[in-house]
Amino acid sequence: MAVADSVVAVVAVINQKEGSPVIKKKPKSVSKALATATCALLGTTAMPVQAQEEPAWEFDTSLLYYSEDDGRVQDVSIALLARRLFADDKILTLGLTVDSLTGATPVGAAPLDVVQTITRPSGNSTFDVAPNTLPLDDTFLDTRYAFNASWQQPLGRLYNGNVGISFSKEYDYVHSGVNAGISRDFNKKNTTVSLGFALSKDDIEPIGGTPMALTPMLDVGDLSNRLGNETKDVVDLLFGVTQVISRNLLVQVNYSYSDSSGYLSDPFKILSVVDPITGDTLPRVPTPGVDGPSHQFLFEGRPDERVKHSLYTQAKYYMSGKVLDISYRYMTDDWDIDSHTVDARLKFPIGNASYIEPHVRFYTQTEANFYRATLSAGEPLPLFASADYRLGNFDALTAGAKYGWKTGSGHDISFRLEYYMQDGDVPSGQLIGNQLQRDMYPGLNAIIFNFSYGFGL
Amino acid sequence: MSNKKLYSMKLIFCVPALLAISACSSLGVEPWERDVLAKDEMQLVTDPIEAATDDHIYFSKEASSGGRGFGGGGCGCN
Chain Z
1 MAVADSVVAV
11 VAVINQKEGS
21 PVIKKKPKSV
31 SKALATATCA
41 LLGTTAMPVQ
51 AQEEPAWEFD
61 TSLLYYSEDD
71 GRVQDVSIAL
81 LARRLFADDK
91 ILTLGLTVDS
101 LTGATPVGAA
111 PLDVVQTITR
121 PSGNSTFDVA
131 PNTLPLDDTF
141 LDTRYAFNAS
151 WQQPLGRLYN
161 GNVGISFSKE
171 YDYVHSGVNA
181 GISRDFNKKN
191 TTVSLGFALS
201 KDDIEPIGGT
211 PMALTPMLDV
221 GDLSNRLGNE
231 TKDVVDLLFG
241 VTQVISRNLL
251 VQVNYSYSDS
261 SGYLSDPFKI
271 LSVVDPITGD
281 TLPRVPTPGV
291 DGPSHQFLFE
301 GRPDERVKHS
311 LYTQAKYYMS
321 GKVLDISYRY
331 MTDDWDIDSH
341 TVDARLKFPI
351 GNASYIEPHV
361 RFYTQTEANF
371 YRATLSAGEP
381 LPLFASADYR
391 LGNFDALTAG
401 AKYGWKTGSG
411 HDISFRLEYY
421 MQDGDVPSGQ
431 LIGNQLQRDM
441 YPGLNAIIFN
451 FSYGFGL
Chain U
1001 MSNKKLYSMK
1011 LIFCVPALLA
1021 ISACSSLGVE
1031 PWERDVLAKD
1041 EMQLVTDPIE
1051 AATDDHIYFS
1061 KEASSGGRGF
1071 GGGGCGCN
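Respectively, the protein sequence lines represent chains Z and U. Residues in the first sequence are numbered from 1 upward in steps of one, following the numbering used here. Residues in the second sequence are numbered from 1001 upward in steps of one, following the numbering used here.
FYI, nobody ran anything at the bench for these hints, they're computed from the structure. Each hint should be verified, as a subset may be incorrect.
Listed below are the simulated DSSO-like cross-link pairs for lysine-lysine, each with C-alpha atoms no more than 27 angstroms apart in a straight line [to be verified]:
| id | chain 1 | residue 1 | chain 2 | residue 2 |
| --- | --- | --- | --- | --- |
| 1 | U | Lys-1039 | Z | Lys-322 |
| 2 | Z | Lys-402 | U | Lys-1039 |
| 3 | Z | Lys-347 | U | Lys-1039 |
| 4 | U | Lys-1039 | Z | Lys-188 |
Here are a few chain Z residues that sit away from chain U, every Cβ distance over 12 angstroms (derived from the structure) [unchecked claim]:
| id | residue |
| --- | --- |
| 5 | Val-73 |
| 6 | Leu-85 |
| 7 | Thr-117 |
| 8 | Phe-127 |
| 9 | Leu-214 |
| 10 | Ala-315 |
| 11 | Glu-379 |
| 12 | Pro-380 |
| 13 | Asn-434 |
| 14 | Ala-446 |
This structure is a prediction, so every number in the text was calculated from the model and none was measured. Backbone N, C-alpha and C define an ideal beta-carbon position, used for all residues, glycine too.
For reference, chain U alone in the conformation it holds in the complex (with noise of 0.2 angstroms):
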C-alpha cells in the first residue's frame, strides 16, 4: 500500500471516529440503567449462525455483501 494510501486512510478512520465521540458524547444511560440493553434480544446480531447462514445465501446470489461485518465469502459461489 502506497503512503498516500496509507495517509488517506488515516483520514478516513480518524476524522469520523473524532466526530462520532464526540458528537455522542452527550448520549447514553448511566451504568444503573443497562438491565434493557443488556437482554440477549438487544444484542445487534442476537443469532450469529442465522446472520451468517443469511450472509452466505445473499452473497451467493446478489452482488454485494457485508456490511454488518465481513460478509459470506469464501466460497465458490460467486
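Chain Z on its own, in the form it takes in the complex (with noise of 0.2 angstroms):
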C-alpha cells in the first residue's frame, strides 16, 4: 500500500550543507533563461571547504525511528550520506536512505456513532471502524529506496556551482529529479548571492488505480471508477543571498518559488457525505452478496496546479562558545493556505568534546480553500473537495535536544529526541448537527529519535 501519510527521511539533500542545494542539467532553454535572469551571480551559501585539511571521504550515517501515537504511522529509517573531498575544493556527495513504513493513517472520513465500514483503497476489500473512533486505514505499510548524489565544484575564483540528481521508490510512487546551482562571492566573500533550481517528475501508481476525483468510494471488485496511473511535476527555483555581519554573525534570506503541477491529490483520501441537518454520514448499501462501504463516501479531489512562495531567513550567531540558530519562514500558496514556521536550537560546549543542543519549532498553517471535513448531501458537489488534516488549519509544535559527542579518534556521535504535535481546528462554519459534538480533527502526537554517527577515512 502506500503511502499516505509517510514520514520519509532524507534524500533530496545534496549539497545542503554548503547551505543550498542544487544540482543538475536541464533543458537548455531553461539555463539560459536562469543564467539571464541572475545577472552576474550567484553562489550557493557555500562556505569555502578546507579540502585538502580533510580525509578523501566523510560519511554520516543515521538512525531514525519516528512513532505516533495511537497506533498510527511508524518509520523506521537508515540514512548515509558520503562526501568525496578532492583536490580544488571540488566534492562529490552520495545520498541513501531506506526507509521502513508500517502503522495507520487518517483516511478523511468523519468520526460517527455506529460502525462504518470502508473500501480499502486498492478495492480488494474493506474494514470496520469502531463508534466514535477517528476512521484510520490500517494498511500502511511500505518501504521507500531513495537516492541522491550531486557534485560540486568552484567555477573560478568566485563562482561555485553543483549539479544533482534525485530518484526514490515506493511500492506505488517513483520519484526522479535533477538539480543545479550557482553562486557567486562578493565583498571580500563576505556575501555570497546563489541561485538553484530543481526539476523533478514523480509517478503515482496506486494498486487499482487512482480514483476520479469526488465520486462514490464503491463495493469491492468495482474499479469503475478508477484511472490509470498519474504523474506530477514540480519545478523549484531557489534565489539566496548569505552575508556575513560580524565576526560573531552570519544570516541567510532565500526566496523560493516552487510549481506543481499533475495529479496534487492523495488517492487514499475520502471524505463523508453527510446528512444537513444532523451532520451524520448517509448510509450505503453495498450490492448484495458483495462487500463495500457501509456509507457514502467520496473520493476527494484538488486542483491540478498548486504555487507556492516561500522567505526563509536564517541567523547563526556565536557566543563565547554557544550558537545560536533561529530561522523563519513564511510560505503562502495559491490554495490560500499560509504558514509561518519559526525554528531556534542553542548548542552548549559542555567540555572540549561534547555538546547538548536544545530545540524548538513553531509552526502554523491556515486552512486550504477547498479543505472540507464533510460535504453535505444537500449542497451543489463543490470543484475540490479534501478532508486531509494536512490541508487544515493547525499550529504544530517540536521541543527536544540533542547531546553529541567527538571520540578519541575524531568520529562524531549524537542522540536527538524530540516530541512533535499537531493540533487543529476544523472551521466552525463547517461543523453540522452533531459533528458539533464530535472530535472532527486528527490531532497528532509522536517521538522522533534520532542516532548519528559520522566519521572519515
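Dock the two chains into a complex; use the hints.
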C-alpha cells in the first residue's frame, strides 16, 4: 500500500551542508533563462571547504525512529551520506536512505456513532471503524528507497556550481529529479548570492488505479471509477543571499518558488457525505453478496496546479562557545494556505568534546480553500474538496534536544529525542449538527529519535 | 515559459540581488577574522542528514516545505 502519510527521511539533500542544494543538468532553454536572470552571479551559500585538510571520504550515518501515538505511522529509517573531497574544493556527495513505514493513517472520513465499513484504497477488501473513532486505514505499509548524488566545484575564483540528481522508489510511487545551482561571492566573500533550481517528475501508481475526483467509493472489486497511473511535475527555483554581518554573525535570506502540476490529490483520502441537518454520514447499502462501504464516501479532488512562494531567513550567532541558530519561514500559496515557521536551537558546549543542543520549532498554517471536513448532501458538489488534515488549520510544536560528542579518534556521535505535536480545528462554519459534539480533527503526537554517527576515512 | 514570465523572473532575481550586494558591501569581516565563521558549528547546515530528515518529516505532515533548500519532496506521502 502506499504511503499516504509517511515520514520518510532524507534525500533531496545533497549540498545542504553548504546551505543550498541544487544540482543538475537541464534543458537548455531554462538554463539559459536562469543564467540571464541571475545576471552575474549567484552562489550557493557555500562556505569555504578545507578539502586538503580533511579526510578524502566523510560519512554521516543516521538511524531514525519516528512514532506516532494511537497506532498511527511508524517509520524506521536508515540514511547514509558520503562526501568525497577532491583537490581544488571539488566535492562529490552521495546519499542513500531506506525507510520502512507501518501503521495507520486518517482516511479523511468523519467519526460516527455507529460502525462504519470502508473499502480499502486497493478496492480489494473492506475494514471496519468502531463507533466514535477516527477512521484510520491500518494497511499503511511501505518501504521507500531514496538515492541522490551531487557534484560541486568552484568555477573560477568567485563562482561555485553544483549539479545533482535524485531518485526514490516506493511500492506505488516513483520520483526522479535533477537540480543545479550556482553561486558567486562578493565583498571579500562576505556576501554570497546563489541561485538554484530543481525539476522533478513523480509517477503515482496506486494499486487499483487512481480514483476519479469526487466520485463515490464503490463495492469491493468495482474499479469502474478508477483511472490508470498519474504523474506530477514540480519546478523549484531558489534565490538566496548569505551575508557575514560580523565575526560572530551570519545571516541568510532565501526566496523560493515552487510550481507543482499534475495529479496533486491523495488517492487514499476520502470525504464523508453527510445529512445537512444531523451532520451524520449518510448510509449506503452494498450490492447484495458483495462487501462494500456502509456509508457514502467520495474520493477527494484537489486542483491540478499549485504555486508556492516562501521567504526563509536564518541567522547563526556565536556567543563565546555557544551557537544560536534561529530561522523563520513564511509560505503562501494559491490554495490559500499561509504558514509561519520559527525554529530555534542553541548549542552549548560541555567540556572540550561534547555538547547539548535544545531545539524548539513552532509551526502554524491556515486551511486550503477547498478543505472540507465533510460534504453535505444538500449542497452542489464543489469543484475541489479534501478532508486531509494536513490541508487544515492547525498549529504544531516540536521540542527536544540533541546530545553529541567527538570520540578520541575524531568520530562524531549524537542522540536526538524530540516530541512533535499537532493541534487543529475544523472551521466552525463547517460543522453541522452532531458534528459539533464530535472530535472532527485528528491531532497528532509523535516521538522523533535519531542516532547519528559520522566519521572520515 | 512565456517571455513575459521570463522577464518578470529576471526582475525578481536581479533587482534584489543588486540591492543586496550594494547594501551589504559595508558589512562583513576581513579574511583574517574568519576564525569563528570557519567553525563547523557556524555553518548554515551543520548536520545535513538531520536537516533532510526533518524536511521530510514536516513535508509529509504539513502543507509547507522547502525554504532553506528544496525541501523534502519526492515521496508519495504528500
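Now the hints, each set against the structure:
| no. | hint | in the structure |
| --- | --- | --- |
| 1 | U:Lys-1039 x Z:Lys-322 | holds (12 angstroms) |
| 2 | Z:Lys-402 x U:Lys-1039 | holds (19 angstroms) |
| 3 | Z:Lys-347 x U:Lys-1039 | holds (13 angstroms) |
| 4 | U:Lys-1039 x Z:Lys-188 | holds (18 angstroms) |
| 5 | Val-73 | violated (8 angstroms) |
| 6 | Leu-85 | holds (14 angstroms) |
| 7 | Thr-117 | holds (25 angstroms) |
| 8 | Phe-127 | holds (20 angstroms) |
| 9 | Leu-214 | holds (20 angstroms) |
| 10 | Ala-315 | violated (10 angstroms) |
| 11 | Glu-379 | holds (25 angstroms) |
| 12 | Pro-380 | holds (26 angstroms) |
| 13 | Asn-434 | holds (28 angstroms) |
| 14 | Ala-446 | violated (8 angstroms) |
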